[in-house]
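Asks: Here's the letter readout for the chains.
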Amino acid sequence: MPAATHINVVYARILPGTLLCLVLLALIPPAANGGEWTGSISAETRLFPRSPLYPEQHGHNLSLALRARYYHEWPDRNERFVFSPFLRLDQHDHRRTHADIGELYWHKIAPEWELRLGVCKVSWGVAESQNLVDIINQTDAVEGLTSNAKLGQLMLNFSWVQDWGILDFFVMPMFRERTFTGRRGRFRAPVPIDHSRTRYESSMRDWHPDVAVRYSHYFGALDVGLSHFSGTSRDPRYLGRALGVTIAPGSPLANLTGARIDSPFIRLLQRIPSARLLPYYDQIEQTGVELQYIYRSWIFKLEAIHRSGQGHAYTAATGGAEYSFYSVFQSAIDVTAVLEYMWDSRGRRALTPFQNDIFFGSRIAFNDIQGTSILTGAIVDARTGATAFGIEASRRLGNDWRISVEARVFANIPPNDIMTTARRDDYIQTELTWFF
Amino acid sequence: MKRKPPLPRLNFTLLTGLLLVLATVATTRAAADEELSSEERGLQIAREAWEREAGYGDSAAEVYMLLRAGGGQEAQRELRLRSLEVSESETRALIIFDAPLDVRGTALLTHSFTDQEDNQWLFLPAVGGERRIAGGGRSGPFMGSEFAFEDLGVQRVEDFTYTYVGEDTLNDMACYVIERYPTDSASGYKRQVAWLDQEHYRVQKVDYYDRRDELLKTLTAEGYQQYEGQYWRPKKMEMHNHQNGRSTTLEWKNISFDNGFTARMFDRNAIRSAR
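These protein sequences, in sequence, are chains A and B. So the first sequence is numbered by my numbering: it starts at 1 and just counts up by one. So the second sequence is numbered by my numbering: it starts at 437 and just counts up by one.
Keep in mind that the hints were calculated from the coordinates and are not lab data. We treat Cβ as the ideally placed atom computed from N, Cα and C, and that holds for glycine. Where hints are given, some of them may not hold.
Stated by the list, open to error - Subject to a maximum C-alpha distance of 25 angstroms in a straight line, what follows is the list of computed DMTMM-like cross-link-like pairs (lysine to aspartate or glutamate):
{"hint": "1", "chain 1": "A", "residue 1": "Lys108", "chain 2": "B", "residue 2": "Asp643"}
{"hint": "2", "chain 1": "B", "residue 1": "Lys672", "chain 2": "B", "residue 2": "Glu471"}
{"hint": "3", "chain 1": "B", "residue 1": "Lys689", "chain 2": "A", "residue 2": "Glu36"}
{"hint": "4", "chain 1": "B", "residue 1": "Lys672", "chain 2": "A", "residue 2": "Glu36"}
{"hint": "5", "chain 1": "B", "residue 1": "Lys626", "chain 2": "B", "residue 2": "Asp608"}
{"hint": "6", "chain 1": "B", "residue 1": "Lys689", "chain 2": "A", "residue 2": "Asp400"}
{"hint": "7", "chain 1": "A", "residue 1": "Lys108", "chain 2": "B", "residue 2": "Glu553"}
{"hint": "8", "chain 1": "B", "residue 1": "Lys626", "chain 2": "A", "residue 2": "Asp368"}
{"hint": "9", "chain 1": "B", "residue 1": "Lys689", "chain 2": "A", "residue 2": "Asp76"}
{"hint": "10", "chain 1": "A", "residue 1": "Lys108", "chain 2": "B", "residue 2": "Glu489"}
What the hints assert, rightly or not - Counterexamples of contact, computed for chain B against chain A with all Cβ distances above 10 angstroms:
{"hint": "11", "residue": "Tyr500"}
{"hint": "12", "residue": "Asp538"}
{"hint": "13", "residue": "Val539"}
{"hint": "14", "residue": "Asp608"}
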């Protein structure tokens, strides 16, 4: 791609968002002058020690991110207004250069209910390794492999707050497409993804009104969450397209895509330079359960979903336990050990790499003045031994800065694993963040 | 206050201030009773101090902490604290962190019970959801300071057993000295020696002894002010660690009572939008 085109693409991707942000800023009513801005600016470097799988990928990458939040409240009316814009500039991957409105909502709080109207972020789930039930917001997948970053979701959220629990209703009129690493970025798909040809099962495409309901409460030491979602799947299936022909979702060949990247079909597509994968978003029904039980220093966790409408109906679950050792060896350090198992009834046909995997990890909190912490974790496929190992350490510098270092290593990834295109993408990342 | 006469040892002076000091009278009279064991006297003083603090309804305050480590290294913490007595057996507290900036917006909600395990939720703004957390780790430091979680939480009478040590004079105040032993085996302390002034039962000083029974920390409180005509709060608390030489100063500002807080403002949903 010529440099000028690259820059045009970059501007095309962040300009609409940035302009919208500026307009919204201008629209913040004068009455809201009492509000406050907070946020952070981060500089990130990534080093990839191993040579890339694709020649257009790079061995190092620089990136800048701005996260801001405007907050205003009218205490006498129990109303709030929140606006959180986000902007990332990436050196190489124009798909990772993106802007988003993470939050932009009005929030009313009454004694027995709450109402949120606008763009919000909602997080569900109890497990450490992955949150299967978490389906309201789209994943901002370009942010990082493990960042859990989400895109803002336009919604109407009514919470009914009662002694017997909280009942949340969601209506989501507009769907957000998942973000994907571009061709020049690491952690990319084996065949480039064509966003301009995204397909939907619904004829209303991304304007299908999705709905969800969730009940949550706690009974003593037991936390319970029950949810149901009906609408556009947040994770797509992929349709192969080559030489002007797209494999239709109903075709038997379509079932060969997904996780089966060793399928002859995907191998064929990889040989055709013009071949693309098209994201295809099904209409699904998903029921989720979350359970968490606390017993002294133990926390037991279980998340499970049943989903239909995306190929064959399936069930997936993540469960495990964590145990905390406080003040180890008479020091201030707390260590929490976590063990979880991830299962998916589709087995190797799953769209996720975590279909029969074990996660073990630890969180170490030093409880020092700098708030030093270290997270480690490894996910091992119980059958193939494919392993992703990660470590993250972070520490405060003064009052306004934080530095974090993260490393990830992939080992034993077989060629037919969904993670295979990331097998040479071990990296070390350093991020310096200034808070304001 | 509903206690009925006879009160045989009441003298005329006490009668004049009867309404205010009746509770104290009962205690002082009993404390003077030679038949009480030192355990009973210690417990009685602790219970009296607790009862004087109970019934405040709700309160809010801002807290500023200055952490001093060796070599002149300093760090600041700012947080806001709100609490509500929901019933005799339940207190709810919400802590919102303002500084350091990387934890700004983090909120910690605790429902403390006298008769069951506490419930605790943590809200991290970056994650966007609240998480129920295990209540352990009470002996660990609070935000890297010399205050442990257990030093700052609600200290119930039942959390300790007591011994009455004697009387002492501290800063020209006549004090009771009691020793208290944590009943929780997860506590970082073997014992604490506390000085409470005899007039108002306010904690003036506490020596904390670690599990090996060596002097670990000393807490001193100063600048007590009375609120609502009843509740005493210090302006400043200093925790000095004798073993590592570090110290933390904790200052209270804008203390207020009777804010009209409701239980709803301390429920699991409210933590998401706590400010």
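Asks: So, for every hint listed, does it hold in this structure?
Replies: Against the structure, the hints:
no.: 1; hint: A:Lys108 - B:Asp643; verdict: 48 angstroms, violated
no.: 2; hint: B:Lys672 - B:Glu471; verdict: 38 angstroms, violated
no.: 3; hint: B:Lys689 - A:Glu36; verdict: 22 angstroms, holds
no.: 4; hint: B:Lys672 - A:Glu36; verdict: 29 angstroms, violated
no.: 5; hint: B:Lys626 - B:Asp608; verdict: 29 angstroms, violated
no.: 6; hint: B:Lys689 - A:Asp400; verdict: 23 angstroms, holds
no.: 7; hint: A:Lys108 - B:Glu553; verdict: 32 angstroms, violated
no.: 8; hint: B:Lys626 - A:Asp368; verdict: 23 angstroms, holds
no.: 9; hint: B:Lys689 - A:Asp76; verdict: 23 angstroms, holds
no.: 10; hint: A:Lys108 - B:Glu489; verdict: 35 angstroms, violated
no.: 11; hint: Tyr500; verdict: 13 angstroms, holds
no.: 12; hint: Asp538; verdict: 5 angstroms, violated
no.: 13; hint: Val539; verdict: 7 angstroms, violated
no.: 14; hint: Asp608; verdict: 35 angstroms, holds
When each numbered hint is compared with the structure, violations occur for hints 1, 2, 4, 5, 7, 10, 12, 13.
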